[in-house]
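Given the sequences, and given the hints that come with them, work out the whole structure.
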Amino acid sequence: MIAQLNATENGWATNVASVIHGTGLTLVIENVKLSASPVAIASFVQTAASFATWLQFNQYHESVLHVSGATTSKILSVFNAPLLEQVIMQPNEHIRELYIYKTGVAYLPRGLRHIRNLENVQVCSSSLTQFTLASLSPSQRIGIVDLSENMINALVGAAHTVYIEMLEMSENQLSVLDMAFFRQIPNLTHLNVEGNRLTRIECSQPVTFTALTQLLLAENQLQSFQTSGMQFPALLNLVLANNNLTQIPRNLGRYPALERLDLNRNKIALVDLSSIRQARNLTILSLQANRIKSFGTSTPVSHNNLWAILLNRNELEQVDFVGCNFPKLSTLSLQGNKFAMIPPNIFSQFPAIRVNMEGNALRSSPRAVASFVQVLSGLTKSLSLSLYRERVLFISHKNEAERIEVRDAPELQELQVQPNDHIRTLHIYNASLIHLPQGLKDFPKLEDLYVSNNHLTQLALASFSSIQKLSRVDVSVNRISLLLATNQTISIKSLHMDKNRLTVVNMEFFAHIVNLNNLYLGENQIIRIDNTKPLKMSTLGTLSLGSNHLSSFQPLLTEFPALRSLFLHDNKLATIPRNLGKYPLLEILDLRANRLTRVDLASIRQASKLRQLHLNKNNIALVSASTPLKHETLRIVEMEGNKLGRIDLTGCDFPKLEQLNLGSNKLTSVPPNIFQQSPSVSLLMWGNAMRCDDLVKYQQQLADYKLIVDPFWQDKRCLRNAVEQKSSTVIIEKATISAAQGAMESFVQVVARFTVHLEFEKYYERLFYIPEANVAETIIISYAPELEELKIQPNGQLRELSVYNTVLNRLPQGLRSLPHLVSLNAPANQLTQFTLASFSSTQKLAYVNVSANKISLLLGANHTVSIRSLWINQNRLTTLDVSFFEQIVGLSSIYVEENWITRIESTKPVKLPVLEKLYLSNNELSSFQPHAAEFPALTVLNLDGNKLTVVPRNLVNYPWLRTLELRSNQLTRLDLSSLRQARNLSYLSLEGNKIASVTATTPLKLDALSQILLDENELTQVSVAGCNFPNLRGFSLRWNRLNSVPQNVFQQFPEVALYMWGNTLRCDDLAKYRTELLAYKLVIDSVESRTQCPEQTFVEIAEKTLVCCSN
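Going by this note's numbering, the letters in the sequence shown line up with residues 157 to 1267, in that order.
Any given hint could be a false lead.
[Unchecked claim] With a straight-line cut-off of 20 Å between C-alpha atoms, the simulated SDA-like cross-links for lysine to any residue are: (1) K601 / S647; (2) K625 / R1246; (3) K1067 / S1007; (4) K1150 / G515; (5) K258 / T317; (6) K1260 / R1246; (7) K947 / H913; (8) K554 / P507; (9) K494 / R421; (10) K799 / R751; (11) K449 / M513; (12) K773 / W842; (13) K655 / G678; (14) K947 / T934; (15) K537 / S486; (16) K1000 / T988; (17) K1237 / N1204.
If you're looking for bench data, these hints aren't it; they were derived computationally from the structure.
Below is the structure:
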């Protein structure tokens, strides 16, 4: 990169050669002085081209550009040349790519037809008014001609053939398109005429488009699409979205290869499916956002390839598929219509179909619902009903589903069931059931029952008699206050009754649950655990009683020989439970947040298997052992957040203790001999007021992280005397200073003699003064709620100044008197404007942070300022004028996140030659088009959290862009072709948008692209056809609506890892990718058991390794 070049001087070429040391590089001419003669310009281009394969002009200010035949560059680019009216080219065999952007050029370059090896020509955002084929030669083989964003209103043919593969003419002014114009372009595969003013498509002469596969006509004013005289034997994709069409185009037989027909956002009111009969290869019919009220067929129609019909956001109340034979139809999207009921017979007619009916006000009769459930259950093993709005749900004996789930059904009060041999899992969430259905006992294969967040008031075990396979019952979040036992044997293994209204629990209720392993009774109102006769809970391994009102735990007549985990946290216990010998296998005892005041560790002697003891957040003041204690298994003891003033472990031997947490207590010293008694222990003691004379004994344990205390005690107070060290840090904890004038200045001056780092954590004066005699290199004021003014005298020592949490409303004027200042931090103050004049003499300044203020105004300066990284996050800017940054020399990073910016502009042409990172996330931007600004070195552009609907255009203006971040915007469609000009892009992030489809309307190659992130969108279709990304390593499509893996993705990108969990993928599709799943090239959450799959359908990829899927 050459900043200033005088090409009128002799020997300039030799100087250039010595700078770049060789050929084959890209030479960007930043500023060059030339003679005004055309010969001089042509000579300069010729000479400069000898050094570089890519010659680019930014801000060219002449009216004519001459390119000689001796120019050897392969790529020639001209950007931002508003005065350029004419490009004259001599015959040339070297130039392969020509880019002309933002110029006044009204015609294609003169002599263009003599550029024999031309492959790509783009003349965009200029003043072309017509496109003349005679400008090109029949001997040229041009891949791309892009004439987007001009004023073309006329097309002029030629007598000879022209070989163009892709023609882009979007955003022009064509009103009538005569397709006969393209007869002389036999190799045309892609034609884009979107965003013109087309009212009519005509054909003055018959023509057959033998190669055309993509025809894009969206965003015009077409009322019909009649292609008389035209044949499209190879057309795959026809896009007519956002026109004025009132019906599906006729004569689709003219497009025998057509796969995708896009008619979104037109004015179609009636759809007759017989009109698509002749389009025999059609796979996707998209009719979203029309005015459709009627949908059916007038005559029987059969279509063997159609798999998706998209009808979102219309006015449909019903659809009629009578007479339709679509054997592959798997997706029907009816979102946002006026349906009151699910289309009848839809699932019996199309067994593989998935219907999206979000945003419809569905209602139905109980009989219809029962019939609907019965029909669905015959088609799938797993049935899920969300937003169910009926009072009754009926499950008949004919049901064949193994899993039934009902979610968010606030009106459901009754579940009527008949005997059934199929149901294994029944889930009822967030409904209004007041009792369990009596017929549950007639579900002999039932394994899991969830009835949580309902209105149950009692639990009767008799409901589960005869269900010998029942393993788990969850009745959490109900109103249960009564438990009714039974004399019959019950087979439940895990019983969840958290968040109910139990007050007393009689353990005899559980006597006949012979295999009970886990019992959860947390967050009830239990005050007592009772039983009136001896009881042995021989299989119970986990008992959870947390968050109740227990003052003791003494189930005297109950034995728990298998209990391993006992949770009693958040109760009112005052002591550790006695007789722990009744729990010989107990490993975890949780007593957090109770009312213990003293702990005698001897009380855990009989719990010989205990591994974890949790005593956090009690009122414990003393810990000791009344008798000697050796415990071979204890590994973790937690006592954080108590009132411990002393801990005495005399007589305690815990050889395997790994962690002892004594944080946030009142201890002043480390427990004596703790590291000798328990050599492997990690001792956590943060939040205690430790004595320095004690801590200095444990320097080795501190260094090995065996003893962990607050950094304040470890680093700044105890281990060294800070004032004695020349380069140490002094923190002023509390200082009483005279109120006399000059006392504060004197104090700062004296203290600064001892340290290079001076920090005030809390400062309560209105004024802070930095004297000229200050020798500190760093001054930090962390919290000063009354500080209004900062006075600074000239100082040659200060390098870092940080002022947080004050009421300063302007930067101090004295900043310009700090010539060695490197870093200025002033966040969380009351600044309302940011002026560059404050930094007139701070030529070493590298970092400025004024985030979290109230800045709404940026004021420039008439001199240069040296800042490398500028942070203005969390302020009140609404418009960002890029010309403000012109005077900041060396600016490489700008952070303007979390403001209120609605527009990026530049009031004058400006170039930021070294800016590498631009962060604009979480603003209100609906577009990013800084027309008069150039960022030739930009590598990172972050536009997360704005309101963008398209990928920023003209990415060619950022030739070194590597990272483009567009998370959480409002994009609905992604055309990967829009990235073609970002040649160095390696990372693309588009998570959290509303993207429904990903395609490439024209082939493209991006050698550097390695990561594409499209998580959390609304993707139903991803096509990578035409994409050549040889270095793509990561492609993330998590949490979308995809039901299959994108076609050919592993063939096109051999090194890619594809992330797709959170999609409902079809089993028949996933089964094709066992090799990729085993090699982690296709990454989806795996499970070990079929019961972990919501629909209990899966693909087995290895022993005990399954991936869930859907039929």
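Quiz item: Any of the earlier hints contradicted here, and which numbers?
Solution: Of the numbered hints given earlier, those the structure breaks are 3, 5, 16, listed in rising order.
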